[in-house]
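Undergrad: One-letter residues, chain by chain:
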Amino acid sequence: MSARASFASAAALLMARDLRLALRRAGDSLLPLGFFLVITTLFPLALDPELSQLRDIAPAALWVGALLSSLLALDLLFRDDGQDGALEQLALCGQPFAGLLLAKTVVHWLLTGLPLVLVAPLAAIALGAPYGAMPGILAAVLLGTVCLSLIGAVGAGLTLSLRRNGSLLALLVLPLAVPVLIFGARATALAIAGESLAAPLYLLAAIAVLAATLAPWALAAAVRIGLE
Amino acid sequence: MAWVWFHKFGSPPHFYRLATRLTPWAAWPALLLGLAGLIGGLVLAPADYQQGDGFRIIYVHAPAAWLSLMVYVVMACTAAVGLIWRMAVAHAVAASCAPIGASFTALALATGMLWGRPMWGTYWEWDPRLTSELLLLFLYLGYMGLRNAIDDVPRADRASAVLAIVGVVNVPIIHYSVIWWNSLHQAPSVMKFGQPTMPASMLIPLLLMLAAFTLLFAALLLIRARGEVLQRERNARWMLEALERLSTHDGPPTRDGPSAKGVLVGR
Amino acid sequence: MHVLRGVSFSVRGAECLQVTGANGSGKTTLLRALCGLVPPEEGQVRWCGVDIGADPSAYHRALAYLGHDNGLKGDLTADENLRFGIGLRCRVTPTAIGAALTRAGLAGQRGLPLRQLSAGQRRRVALARLPLFDARLWILDEPGSNLDSAGQALLLELLQAHLAEGGTAVVATHQALDLPAGTHRGVMLQ
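Residue numbers (my numbering), protein chains in the order written: chain A, 99 to 326; chain B, 12 to 278; chain C, 155 to 344.
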């Protein structure tokens, strides 16, 4: 009888494995970031590249880009493990499934959300935002991507073994992500204008806390149904 | 005692019979109340001092909007019941709610746009209520899309139940975030029917229409749910027995189980 | 549409139940239902007299499942895969992993990513995991697929050792299992 592993060590092992796998296929994790940069480039191309005008649409461009690229990134979360049977083994290993899935989502955010958080302020500068706006934008995108990862993970779990149809996932996740878009864009606009963005930031934080509380249950339920 | 009733309700043939019996009790009052409300609202109520006769569309728009939200909640609750107590009938009811709710939402949007034309000059103006209704429509479409995409019916039931529960938690958040968003950008919408006091002559028809729409939803739900149960149970023993009775003798309705003839005629 | 209907059986300790049946008769669904992955519409799965739904994690800790897919990651080496798979459940030493891989005939390939191994070798890595899981119940779905005769011998060896220790196994396979008399029973699905 070997000593049983605690949940903490199992979760740590899972996170280490996911990071190792992502590093061995480094290109995959960076694709959503590339997509984000392409989208933010499209806006100036579609409009007048006058910085003062771009400043007005910067919040919209940043957040639409963030939403769409996090949608794209969701493909990386469960598809691989679902296809080679690793997700089943996770469900059967005797550790709390919800906790393990949350650990996977955390790593997923580190790989796809965190790069966005670091790049978004720079993209904002390119769209005419003042340097003073960077900390505010960083905070808003940080909270926003956390929410998007959690909400998106539930959507990814629900569409786990369906025919490869990105539009269904988008239809499921985007309406649920609208509050994040509204508050995040508002926070970005306030940051660019140099005003206090405490209000929308607190609201974003509240959504993040709510998502972190409910997502584990919804994730476990959704993925279990997907594994049937 | 209530538990026994609860489980009896969950048995498909009992539910089918109950739904068949209750439908006229919902449909006829809906029709009568609806007529009363329409006469009261379109003919008897005085014209609004500000909007003239254009406001009368509220008698369809407001109940439709209210119902669109209520149906989502009912859908989520029955889906939760189906998920927790593993009741197939509850899942059938939830599945039946979705198209009805989507239709009410579409009706609310259409009547809202028709109202907007004389009021704002355009058919669409990102009014918070209408935008909220639009997002609700997307939620319904997502639910129906997910159900459609999963071939295995019990799995589709369970997956869409999780989605409905996640959605119902989000609906208030989405609603209030849209109102918050709108309050930043433009003056309060003209469509606010929180007039300090609505005279009784205007209010009563509105309440009548609200009751009528609710009963209409109940009737439509019962009819759809019966059809849904029939389709799901088409290979079940009670269905096959009823159909056999139908083929052997075209007799009067039997006391137990749905009338064999009634199964096909839909009475 | 029902895949399985009216199935009922029981298995004792130190016994191996072999499930056979034509393609599409529901063997995989049955095994997955035994694991708790597919909830049955009617009926129960019981482990040691208790419904597995009552305490799923305790049941899963006593269970080792090998499905059609190996449940292994192609980008990791055999060593890393085992360290992860076993480490989720219990502490395991590198020596134990090395010994298991040697027993499976893969000592020389333990440092290669699984992608570079053949299908049969990957299946053997999956089999090598089984004794390390420390599980009383093994549920194996076509464990012999892609295996050559040496691989089949390994499978038999592992099963015999497991049964000798008092473990139980439910195996879906068409191949004849050469197990000691009294420990081997068959069930056929139609």
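By construction, these hints were calculated from the structure, which means they are not laboratory data.
Even glycine gets a Cβ: it sits at the ideal position worked out from N, Cα and C.
Any given hint could be a false lead.
As the list claims (entries may be wrong) - To be clear about the criterion: a stretch of chain A counts as covered by chain B if any three or more of its residues have a C-beta under 8 Å from a C-beta of chain B, and this derived list gives those stretches:
| no. | stretch |
| --- | --- |
| 1 | 164-171 |
| 2 | 272-281 |
| 3 | 289-296 |
As the list claims (entries may be wrong) - Label-pair restraints from in silico Cβ distances:
| no. | chain 1 | residue 1 | chain 2 | residue 2 | range |
| --- | --- | --- | --- | --- | --- |
| 4 | B | Leu125 | A | Leu140 | 51 to 61 Å |
| 5 | A | Pro233 | B | Leu195 | 28 to 38 Å |
| 6 | B | Thr133 | A | Leu140 | 26 to 36 Å |
Undergrad: With reference to the structure, classify each hint as holding or not holding.
TA: Hint by hint, here is what the structure shows:
1. 164-171: violated (count 0)
2. 272-281: That given contact holds, which follows from 7 residues of the stretch 272-281 of chain A lying within Cβ reach (below 8 Å) of chain B.
3. 289-296: violated (count 0)
4. B:Leu125 with A:Leu140: 51 to 61 Å: Because 36 Å falls outside the window, the suggested range is violated.
5. A:Pro233 with B:Leu195: 28 to 38 Å: violated (22 Å)
6. B:Thr133 with A:Leu140: 26 to 36 Å: holds (28 Å)
Hint compliance for this structure: hints 1, 3, 4, 5 are broken, all remaining hints hold.
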